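**Student:** Residue numbers (this note's numbering), protein chains in the order written: chain A, 98 to 524; chain B, 98 to 524; chain C, 98 to 524.
Bear in mind the hints are in silico, worked out from the structure with no lab data behind them. One or more hints might be untrue.
Since the list gives no way to pick one copy over another, a pair counts as held whenever it fits inside one copy or between any two copies.
[Unchecked claim] Pairs of lysine to any residue, SDA-like flavour, derived with a Cα cap of 25 Å:
{"hint": "1", "residue 1": "K435", "residue 2": "K495"}
{"hint": "2", "residue 1": "K100", "residue 2": "I253"}
{"hint": "3", "residue 1": "K386", "residue 2": "A492"}
{"hint": "4", "residue 1": "K504", "residue 2": "L382"}
{"hint": "5", "residue 1": "K507", "residue 2": "S521"}
{"hint": "6", "residue 1": "K494", "residue 2": "G385"}
{"hint": "7", "residue 1": "K435", "residue 2": "D206"}
{"hint": "8", "residue 1": "K504", "residue 2": "A492"}
{"hint": "9", "residue 1": "K504", "residue 2": "S521"}
{"hint": "10", "residue 1": "K275", "residue 2": "F477"}
{"hint": "11", "residue 1": "K386", "residue 2": "P460"}
Bear in mind the structure is a predicted one, so any value in this text is a computation, not a measurement.
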Amino acid sequence: MKKLKFIIYLTIFTSITTLAFSETTVSPEINFIFNTLLFLLAGLFVMFMAAGFCMLESGLVTSKSVAVICAKNIGLFSIAGIMFWAMGYNLAYGIPEGGFIGTFSSWSDSSKLEIGYSDGSDWFFQMVFCATTASIVSGTMAERVKLWPFFLFTAILTGIIYPIQMGWVWGGGWLAEKGFSDFAGSTLVHSCGGSAALAGVILLGSRLGRFKNGYIKPMKPFAASSIPLATLGVFILWMGWFGFNGGSQLAMGTLDDSISVSTIFINTNLAACGGVLIAAAITRLVWGKTDVVQMLNGAIAGLVSITAGPDTPSPIQAILIGGVGGVIVVYGTHLLSKFKIDDVVGAIPAHLFAGIWGTLIVPFTNTEVSFLSQFIGIIFINIFVFLNSYVVWAAMKKTIGIRLSAKAEKTGTDIAEVGVIAYSIRD
Amino acid sequence: MKKLKFIIYLTIFTSITTLAFSETTVSPEINFIFNTLLFLLAGLFVMFMAAGFCMLESGLVTSKSVAVICAKNIGLFSIAGIMFWAMGYNLAYGIPEGGFIGTFSSWSDSSKLEIGYSDGSDWFFQMVFCATTASIVSGTMAERVKLWPFFLFTAILTGIIYPIQMGWVWGGGWLAEKGFSDFAGSTLVHSCGGSAALAGVILLGSRLGRFKNGYIKPMKPFAASSIPLATLGVFILWMGWFGFNGGSQLAMGTLDDSISVSTIFINTNLAACGGVLIAAAITRLVWGKTDVVQMLNGAIAGLVSITAGPDTPSPIQAILIGGVGGVIVVYGTHLLSKFKIDDVVGAIPAHLFAGIWGTLIVPFTNTEVSFLSQFIGIIFINIFVFLNSYVVWAAMKKTIGIRLSAKAEKTGTDIAEVGVIAYSIRD
Amino acid sequence: MKKLKFIIYLTIFTSITTLAFSETTVSPEINFIFNTLLFLLAGLFVMFMAAGFCMLESGLVTSKSVAVICAKNIGLFSIAGIMFWAMGYNLAYGIPEGGFIGTFSSWSDSSKLEIGYSDGSDWFFQMVFCATTASIVSGTMAERVKLWPFFLFTAILTGIIYPIQMGWVWGGGWLAEKGFSDFAGSTLVHSCGGSAALAGVILLGSRLGRFKNGYIKPMKPFAASSIPLATLGVFILWMGWFGFNGGSQLAMGTLDDSISVSTIFINTNLAACGGVLIAAAITRLVWGKTDVVQMLNGAIAGLVSITAGPDTPSPIQAILIGGVGGVIVVYGTHLLSKFKIDDVVGAIPAHLFAGIWGTLIVPFTNTEVSFLSQFIGIIFINIFVFLNSYVVWAAMKKTIGIRLSAKAEKTGTDIAEVGVIAYSIRD
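Kindly produce the complete structure, drawing on both the sequences and the hints.
**Tutor:** Written out as structure tokens, the structure is:
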């Protein structure tokens with residue numbers, strides 16, 4: 098009888114223990130679903146960043162070059178989608194440990210419970226990052242670059258250049274081995290896009306009449322076509338950035354992951370706040386007017402700055418990191434003008450310069466990362482992207498040409514390239 | 098002692114087995130929450146497609162008919178929301194097995210764990226599909242249709258016509274029994290909207306002066322009011338389509354469902370990419386200019402084409418299906434012009450024609466579906482929707498009138514109907 | 098042998114029971130993840146409402162005051178983000194039970210499994226509500242308020258005024274003890290913003306020439322700059338409102354919570370539908386034209402009306418509650434004009450008046466709430482916000498000034514404050 102009692106107690110105890118244990122864990126299948134959901138949802142918000150870039154650029158270029166911006170942005174997103182499937186993904190992830198370059202084979206789904214997420218959802222998430230890189234290039238070269246050479250460059254950037262350097266870090270390549278850390282892509286996405294744009298714009302040259310009398314405040318004929326569309330673009334980017342940084346946690350199926358994603362949301366937001374307010378304050382104090390375009394670029398610079406390490410800073414550190422981003426974008430814009438580099442929308446200061454800053458500052462809040470490895474990564478990636486982009490743009494310049502005729506530029510790229518007027522509101 | 102040992106081993110073994118089993122399953126409640134979450138979130142993105150249609154149409158019509166487009170789009174979404182609650186949902190789902198028509202009773206929530214999702218979330222998801230159908234009609238008839246007759250038609254379409262044919266398939270009606278397959282609604286939503294628009298536009302007639310000298314490239318006074326707004330609209334639709342197709346998996350609480358949703362995301366995206374690039378290439382090669390409006394419609398046509406079966410194609414098949422959609426929209430637009438049918442935004446080629454293509458091609462990637470059943474479904478649904486819409490539009494034409502006066506059309510529908518100017522930017 | 102059999106049966110039975118039990122519950126960790134996911138996702142959609150307000154206001158003001166609206170909206174969102182971190186959150190939640198005011202200490206994360214959600218995700222969700230309140234103020238005072246005094250007021254509103262009154266209810270303060278119920282903030286957010294705007298606009302005065310000949314229908318020079326942007330803004334707000342109201346369920350990790358969120362989605366949508374259609378019908382029947390701007394404000398008023406209690410009404414009740422909101426916004430706009438209060442975008446009728454209505458009507462569908470407690474809450478909160486806002490605006494008026502010079506107002510706030518033209522589309 099005593100034995101039976103013992104057995105019954107044992108059974109009950111085991112049952113409760115089992116239950117308790119099953120209550121405090123997340124089963125692999127549920128974890129799989131949460132992770133997949135994170136990739137798909139975050140990816141969806143990042144996908145919408147393509148619309149954000151399109152609106153920002155449409156709003157900031159002059160009204161006779163807006164429809165081409167629209168064609169470029171929907172076109173580049175389509176090209177990125179196909180190229181990243183055809184080769185990009187495998188080039189980035191088919192990389193041998195510590196290696197330099199992956200395979201060229203086309204992507205195929207191999208979802209399994211053990212992986213912890215649906216392969217397809219990861220592909221989607223990575224694809225929209227690749228497309229974001231291409232979006233960055235578009236604005237800098239606006240108003241005089243030819244449409245189809247731009248598309249060709251986009252195909253090479255999203256199919257080859259971006260994936261190779263991305264694989265160096267997120268694909269477990271040599272820079273990952275060196276300890277280089279770039280959480281969501283201050284360098285891998287934003288500086289990469291900025292370096293590609295810089296290479297292109299140097300070969301392309303500035304718009305006609307842009308630097309006639311040295312640097313002048315943007316004015317007609319270089320006035321922004323629509324400030325509200327540009328602002329909408331930045332709000333869309335800001336929203337998308339929660340997916341960009343939050344999704345880069347790569348997991349949502351545990352307590353710790355969900356807490357980390359929350360921290361990332363807060364830091365992402367505070368960095369953007371810092372960037373906006375610093376840009377507003379500087380332009381008001383130094384130039385007398387609160388420059389709304391610099392506030393918009395301040396938001397982006399703040400967001401780019403926090404992207405390399407959004408999980409480790411405290412709130413005050415996030416505000417500071419983003420705030421410095423705001424300083425960088427304001428003075429970076431002036432610096433570029435001094436060198437007579439005509440970056441129409443300010444993408445180089447906002448993405449390349451702030452991306453360098455954000456990546457460099459990671460060890461300040463993350464003790465596991467060294468300044469040296471960050472420095473190495475920044476140098477190698479930017480040189481790699483710049484040189485390869487330069488070669489591609491130069492080859493196209495020699496052959497098919499990359500710049501519209503002076504006549505077409507004066508008439509406006511919209512009439513020349515897509516044959517429509519972007520705003521017909523005077524009927 | 099040996100027995101006791103055995104018992105202890107047995108208990109431990111059972112405990113581990115129990116735990117292992119509980120780890121690899123999703124409990125009904127968690128499954129319920131995931132499914133409900135999918136319906137609500139996907140529905141939310143589809144809801145936002147109403148804004149996408151509104152921007153696309155606002156951007157593509159001439160500037161004196163934009164405010165009415167805004168009134169129509171926010172009005173139709175409101176009408177659809179109320180009509181689908183008052184009768185549509187029950188008409189679609191209160192259908193006896195294999196039957197033709199449901200009950201007219203008003204919807205009431207009956208959420209239970211056994212159903213596997215919250216009834217309310219499903220209602221929301223289905224409602225936004227119904228509203229999407231109504232959105233499609235709006236653009237075709239722009240610039241000359243009367244506002245309130247359009248609202249009356251919307252009430253009949255969303256309360257009666259759409260739900261009846263939708264119930265034939267998704268409500269388990271006679272077409273479902275025949276094996277007709279339309280995963281997310283290439284026919285049930287997009288062709289349905291397109292057929293309703295076609296019936297209306299035939300009775301309405303073309304805009305004054307539209308076909309004076311045969312078909313001419315869109316030009317003043319038929320120039321698009323804002324290409325960037327139209328582009329924004331397409332990006333919003335593209336984003337919403339992930340909810341549209343992804344949510345149509347109807348479940349997210351298992352490993353397989355989450356993998357399937359991922360596949361759907363990829364195929365949806367690749368089809369849109371195909372549609373954009375084919376439309377860009379054709380217009381560039383054939384007409385010399387890269388037609389940005391056709392790129393936008395190419396995206397939509399690609400998306401509509403994949404909607405009937407986004408879960409089964411391989412990536413390359415998805416690109417092809419969407420690419421053919423791009424061909425269809427470009428040449429479909431010209432075909433309509435030849436017949437002097439004045440579809441202001443190209444909704445008939447993008448939604449009706451591409452919808453037929455997408456539905457027909459399902460057996461190509463899904464061996465469980467036959468071409469015959471697809472053909473039957475396409476024919477019956479489009480004839481049903483076209484005839485009923487024709488009768489309603491004709492009845493209104495005879496009585497209250499559906500077309501504005503020539504004077505009002507010349508002044509612009511905005512002044513005539515809503516009494517404001519859409520863009521007042523010359524102060 | 099019999100004993101052994103019994104033991105084996107017992108073990109199997111226990112195992113199945115354990116399993117069955119674990120299947121019908123959600124473990125604390127999974128619950129934690131679902132709740133955190135709800136806060137983050139809903140917060141993300143509410144965050145995007147900042148873009149909605151920006152577009153609505155940009156579209157409704159005249160074209161020479163649009164760029165300042167953009168600067169104000171991106172600036173206020175940034176200020177709210179920092180101020181709510183620096184003091185707002187603790188002021189709202191660091192309140193002793195039944196008390197009046199919290200601590201001023203800065204927020205710090207203390208996420209634990211027992212709390213049931215990530216603290217950071219809750220902070221993010223509450224922050225975007227605070228920012229929404231500030232957004233409401235912006236539109237009313239457009240076209241003549243100085244930018245930086247507006248920013249200073251925003252800092253005080255989001256850092257002190259909003260959090261104190263919010264803590265009275267959601268922080269467990271004295272109004273919560275009194276039984277005042279405001280589910281998602283008809284009063285705490287919308288009336289609060291509206292009262293702050295009312296105080297400001299009384300001290301600011303109307304635009305030059307606005308009430309020259311008594312009230313007149315909006316016309317040049319007070320024509321809306323872009324109806325489609327305003328409409329886009331409302332669609333964005335409508336979408337965001339699902340996050341606003343749905344997220345206010347504060348939990349998504351149980352069957353009942355997920356059903357409740359679904360109900361909230363449906364009622365939120367139906368109330369907006371009611372508001373739109375009633376505003377359309379009234380303006381058409383009474384003034385002859387279907388006023389699209391009133392339809393937009395009708396949507397907002399419908400949404401504000403349902404916000405105090407979106408979980409308890411039946412669908413028909415939700416339509417009625419929102420519909421009355423539509424009546425209120427149309428006649429409220431005229432009432433304000435009679436008192437020569439110049440609310441540029443109609444934020445006071447849509448947010449303050451409809452907010453009062455929505456809060457008052459809660460007991461109609463929720464028997465646990467009394468009309469008296471609702472009345473007390475409405476009175477005290479609106480007086481508190483109005484008086485404090487009045488003091489702040491008055492103090493600024495005496496010192497730094499809150500109104501631009503007549504010359505700057507005539508030239509346009511854009512040139513005066515931010516030095517750009519919002520729409521440059523005549524090149």
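**Student:** It remains to establish, for every hint, whether it holds in the given structure.
**Tutor:** Now for the hints, and whether the structure bears them out:
1. Taking identical chains as interchangeable, the C-alpha atoms of K435 and K495 are never at most 25 Å apart, the minima being 27 Å within one chain and 43 Å between chains.
2. Proximity of K100 to I253 under the C-alpha cut-off of 25 Å is found in neither arrangement, the shortest distances being 75 Å within a copy and 71 Å between copies.
3. For the homomeric pair K386 and A492, the shortest alpha-carbon distance between copies (24 Å) is at most 25 Å, but the shortest distance inside one copy (43 Å) is not.
4. Only between protomers do K504 and L382 lie at most 25 Å apart by alpha-carbon distance; the minimum there is 22 Å, versus 40 Å within a single protomer.
5. Taking the shortest alpha-carbon separations for K507 and S521, both the intra-copy value of 18 Å and the inter-copy value of 16 Å come in at or below 25 Å.
6. With identical chains, the CA atoms of K494 and G385 are at most 25 Å apart between copies only, with a shortest distance of 21 Å across copies and 41 Å within one.
7. With identical chains, the CA atoms of K435 and D206 are never at most 25 Å apart, being 49 Å at best within one copy and 45 Å at best between copies.
8. Only within a single protomer do K504 and A492 lie at most 25 Å apart by alpha-carbon distance; the minimum there is 24 Å, versus 55 Å between protomers.
9. Taking the shortest alpha-carbon separations for K504 and S521, both the intra-copy value of 22 Å and the inter-copy value of 21 Å come in at or below 25 Å.
10. Taking the shortest alpha-carbon separations for K275 and F477, only the intra-copy value of 12 Å comes in at or below 25 Å, while the best inter-copy value is 61 Å.
11. Neither within a single protomer nor between protomers do K386 and P460 lie at most 25 Å apart by alpha-carbon distance, with minima of 36 Å and 50 Å respectively.
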